[in-house]
Structures are given as structure tokens and as C-alpha cells.
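J.: Given chain A's structure and the hints, the job is docking chain B onto it.
Each chain, letter by letter, is given below.
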Amino acid sequence: MNHALGISSYLIAAPMLALLAASLVPVMLKVFSGNREPHPFVTTAYGFIAVASALGLAITFLGGSKFGFHKALVSDGLALWASIIVLVSGAFSIFMMHDHVETQSKLFSEKVFLLLGSLIGMLIVVLSNDLIVTFLGIETMSLCLYVLIAMSRETVLSKEAAFKYFVLGSFASAIFLYGIALIYGTAGTTQFPGLMEQVGPLLESRNHLFLIGIIFVVLGFAFKVSVFPFHFWTPDVYQGAPTPVTAFMATAVKAATFVAILRLFQSTGYQHSVPLKEVISWLAALTMLVGNAAAIMQPNFKRMLAYSSVAHSGYLMVGVVAAGFGDSQGVASAAGIVVLFYLLAYSIMTLGSFAFVALLEKSVGQALQVDDVRGLGRTHPVLAGCMAIVLFSLAGVPPLLGFFGKFGLFSLAIEQNFYWLAIWGVLNSVVSVYYYLRPIVLMYMQGDDAPHVEMNKQIMTRFTLFGSAILIIVMGLFSSPILSALKSAILGRS
Amino acid sequence: MTLTAQDLLFYILGGLSLASALGVLLMTNPIYSALCLALTMVSLAGLYASMQAWFVAGVQLIVYAGAVMVLFVMVLMLFDLKSEIKAFSRGAVAGFMKLVAVGLMTGAFLAAIYNSADTLLGTSLAAHVDGTVSTKALAQLLFGKYVFAFEAMGVLLLIIAIGAVALSRIEGGTHADE
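Chains as they are written, first to last, in the numbering used here: chain A, 1 to 494; chain B, 1 to 178.
Chain A on its own, in the form it takes in the complex (with noise of 0.2 Å):
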């Protein structure tokens, strides 16, 4: 047996290898001052010289079709993509931890190590071709969520959130591991290709074991992503956590986990099982309607954000029941390039939303009310123009990023005789548009007597928010060559 490992293997790996040792700097530079905190802009500056190398190199190595580790990881377009939306959100959340009052503290270099590490378990993720390298990159990236979380200077609901979120992961993780046994069990392999040829006969065969198998993995990623009925953390879970890390948690693990759940999901082999693609696409369905639901009762600005973040977690899953379920060639392929468009779109409209929040929050623990923006238009004109452009993309007007996500996903579902799916997902968009366009009424059309808000001086946040409305407007015209650069990358590897 040949144990050797071809230097490709490590170029694969060098985007992980290269965060990890970025990271150790700042808690090392740490240790050797005699504990003394260094200057929260040096750590920032560490921080985003890691994830630029990081992105270099994953743009320089992966993509093609290559096996690493002995095919433990796949470097194909979609890891590539998803390594590019997965890095930049974690640079941007980097800058709005540096701004942020709840993230300040002297323990700056700490919460940029595990930020770093939650970065190299979502490249696991969305880098790994085996069930159980998914499970520990997903171990990974929740361990230093939980940990961030709770280490918000503000002491009551960041507590609470993160042992919640805490105790309900670590639950979702036991049966998401179970999972992976009974498949293992069954199929005999856990590496996704191998698994991708077993799922036909097996579900053929009815092989019920096989099938809880495959709805306990199932339910251990709808937990990540917060589908319903599993989506009952994310409000609080959301509004307890820093606002950099929501929007962090908000972009980067529902990217890197719906990669993931696209593996799963790139076999025709699930057609056998008309049960599971009734459930999965009731899950679609109800997603959008409970996220769209709540949202629009929110007077709290975070928690609407939340709802709002279920919901497109339920129009995404609809590019995951195409991908399992739809009928002709090639569908898998197909589905990824609008989920990974639709990801990168809302990466960025998120972004931007949350970098908002953040520039309004002045206090630790401020519950920011969606009332609160009221009169932003007169008093903060460029601010309140960047965020009506992200609140406008969010709901899906054209031009914007947002629109052409939704256009992709729908007619999708439209070519793989999805056409209720594709539907409802159009009614829930138009029931968005509602609490979307809230905070702008409130902020161009009344008001007229609110006092002169103060806004912080955060500059790396500012320009977070500029920067998204600046790419959604920009994507949005040029939406095409992306698309068309999202194809090759994934359709070169078949």
C-alpha cells in the first residue's frame, strides 16, 4: 500500500496550511510580549494579510479537477468559488471586528485566531470529498463560532445565545454524525463519489436504513443553514452574537455548508425516493414562508435580518431539490453555479446589511429597532443611499445583484418541472419586498423631526458598506461574465 502523498496534495491544502500558520502570529506575538495585547490594527492587519495569501493561493491552485490526500479532498470550481465567497466574507468581517464596540477588547488577537480557524474549517468544507472530513470541517467552524460568540462584551443575551447555540449544534452534530454511520454502514464508503454511485441502488432496493442515513445528514447541515424546522436559534442566536460575527455566521457558514449539501446532493440516484423529494422540497417551501413570515412582524433590526436570512435559506434550498431531483443531464452541475451565483450575491447584500447595523450600534448590548433609522435619508444621505441599494437587492429589484440570484434559481426550477416551487418562491420574494422596503420609507419619508443621529466613525465598516452597494450595482450590470466565468469553472471539471 502506497502512503505517499504527490506534492499536489499539499498545493491543494496551501490556502488551510496558510491560514493556519497566519493565525498562530498574533496569539504568538502575544505570548512573547508578556501578554500584553498588541495594537488591535496590527492584529487586523495580520488577520487580513492571512486571508488575502489564503485567497491567493486558492485562486492560483485549485479548481481543474484534482484529488488530494488520497481523494479525502476535491478541488473543483465549486471549492474554488466557495473558497473566494467564503475568504472575502471572512476579510470583511475581520475589518468590522477591528470597528466593532463588542468585539473590542484585549482579547482582539484571540477573536481573530478563531475567526481565522472558523475560515480553515469552512475550506474543509467546502474542499472535503468525504463525509467525515465534512463532519470535522464543520466541527471546526461551529467550535470557534460558539466560543466567539460568548466572548462579547456584552453579558446577557451573548451568553445565552452561545450556549444555545452551543448545546443545539453540538445535538444537531451527534445526529448528523449517526448519519454518516448508518450510510457508512450501508453504502461502504463515505467518500462522495463512491457514495454518489450507491445512492440509486440503495434507494432502489428501498433500503430504509440507508434512507435515515441520508435524513440525518440532511438534518445535521438544515441545522447549519437554519431551515425550518430546525431555524429556531438563528433569531436569537443572530441578535446575541457581535454583529461582525452575525455577519460572518450569516455569510460564510450558509455558503460553505451549502456547498456541502450540494455533494450530497450531485446524484440522480434520489429520483428512486419520491418521500425524501416531497420532504426536501416542503422544506424549501415552508423555509421561505416562515423566514418571510417573522421577518415582516420584527420591530428588532437583527432579528428581522435573521428571519430574512431563513428565508433565503429556503430559496437556496430550492437550487438544492433541482439538484437532487431534477431529471435531465448534467442538473447537479447546473444547480451549482446558480446556488454558488446566488450565494456569492447574497454574501455581499449581507454584508452590507449587517455593516449598517453595526455603524447605528453605539452601546454594548443596543437592540437596534428598525424604527431607529427613521430620518437617515436628510441627516446621512450616503450612508442611507448605500444601504437602500443593499435593501433593494435584498428584495430582488433589477437591475440589482439580488435580482439576477432569485432569476437564476427560479428558472431553474422552472427547467426541472419544479413550476410550484419556482411560484412560491416568486410570492415569498414579493412578501420580502414589504419588510424590506420598511427601513427605507422610514428613512427617506419620515422623520422630518428626528434628532440628528450621531453615526460612529468606524472606517473599516463604512467602507464594508460602500464597498457591498458599490459590487451589487456593478455585479448586477455585469452579471453575465460572472456567470459565464462560474460556468467554466464548473463545468470544466466534468
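Since the hints were made in silico from the structure, they are not lab data. For clarity, every value in this text was computed on a predicted model and none was experimentally measured. For each residue, glycine too, the CB sits at the ideal point set by N, CA and C. Hints are not guaranteed to be accurate.
Unchecked claim - Simulated coverage check for chain A against chain B, where a stretch passes if three residues somewhere in it have a Cβ under 8 Å from a Cβ of chain B:
id: 1; stretch: 70-80
id: 2; stretch: 108-115
id: 3; stretch: 133-141
id: 4; stretch: 204-216
id: 5; stretch: 317-329
T.: Chain B only, in chain A's frame:
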């Protein structure tokens, strides 16, 4: 079908592990729960040993029944057990819901095993190999095919260690500055 010694051992150890696992849940005194957990670990180790998985059985005994259990009991000593016992949720509705959940889960699994029995019985189990060879095979898998997962585990443990230290030093933590 005759009952061999092997089968008898399986039923005894299986029954013991089930009973002690139930004990973990049903005992209200956490110390008794912990001791039941130790018994569960030991009987599971016995099951592994009866399948000639000597290495897994040994690790199960040393790591779980040994190190992890000592840690559990030490942590329990630090807590006020009276308030822990009070924290149990008791009530007709909650109890009913728990029973329903357990029943649904058990039913789903029994149905799944019953329905897949045909396909499962056809597959042959991996040939038994003697203890030393299986340990070597395990090592080869761990450092060969699964080397990436093994190394990722190391990163995970490093992150947990630093995270735990950082958590104790936050405001309100046990080792906070000032």
C-alpha cells in the same frame, strides 16, 4: 439455531450496555449517572473485544472509561449537586412529549432495520483478522487514507485549547484580568 458461547456473550454484554445506558438517563444523582456511564463504556469495550477489535476495545477502556470518566467525576465534584437535581424538567406534558419523541425515533429505526434486512443480510462482513493485524490495518488507514482527517483533528484540538483559555479570560470569566 443453537446458542453459542459467542452469542451468549453478545446478549449479556448488549443487555448490560442497554441497561446501564438507561441508568445514565434515569438516575437523578449525577454521580450514579456517571458510574452507569462507566459501566456502559466497559460493556461496549467488551462487545468490541468479542468482535476481535482489540485496539478499539483497549482505547475504549483507557480513554473513555479511564480518562474521560475521571474528568467527569471531578467536574461533578465542583458543582452543587442539589441545584443540579432541581434543574431536571418534570411534568406530565414534558414527559409525554419525551416518550413520544423516543417512540417515534425507535419506531423509525425498527421499521428501517426490518425493511432493509433483506439487503443487509446479503452483504458479507469484513473477514475477521487477528488482533495485531487489525491494529496495524487501523494505523495504516489512519495515517494513509484518512491522514487528512487525522491532521484536521489536530487543528481542531489546537483551536479548542486556545478557545477554552480565551473563554476563561473574558469579562466575567474565571480568569479575567482585574
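J.: If you test the structure against every hint from before, which numbers come out violated?
T.: 5
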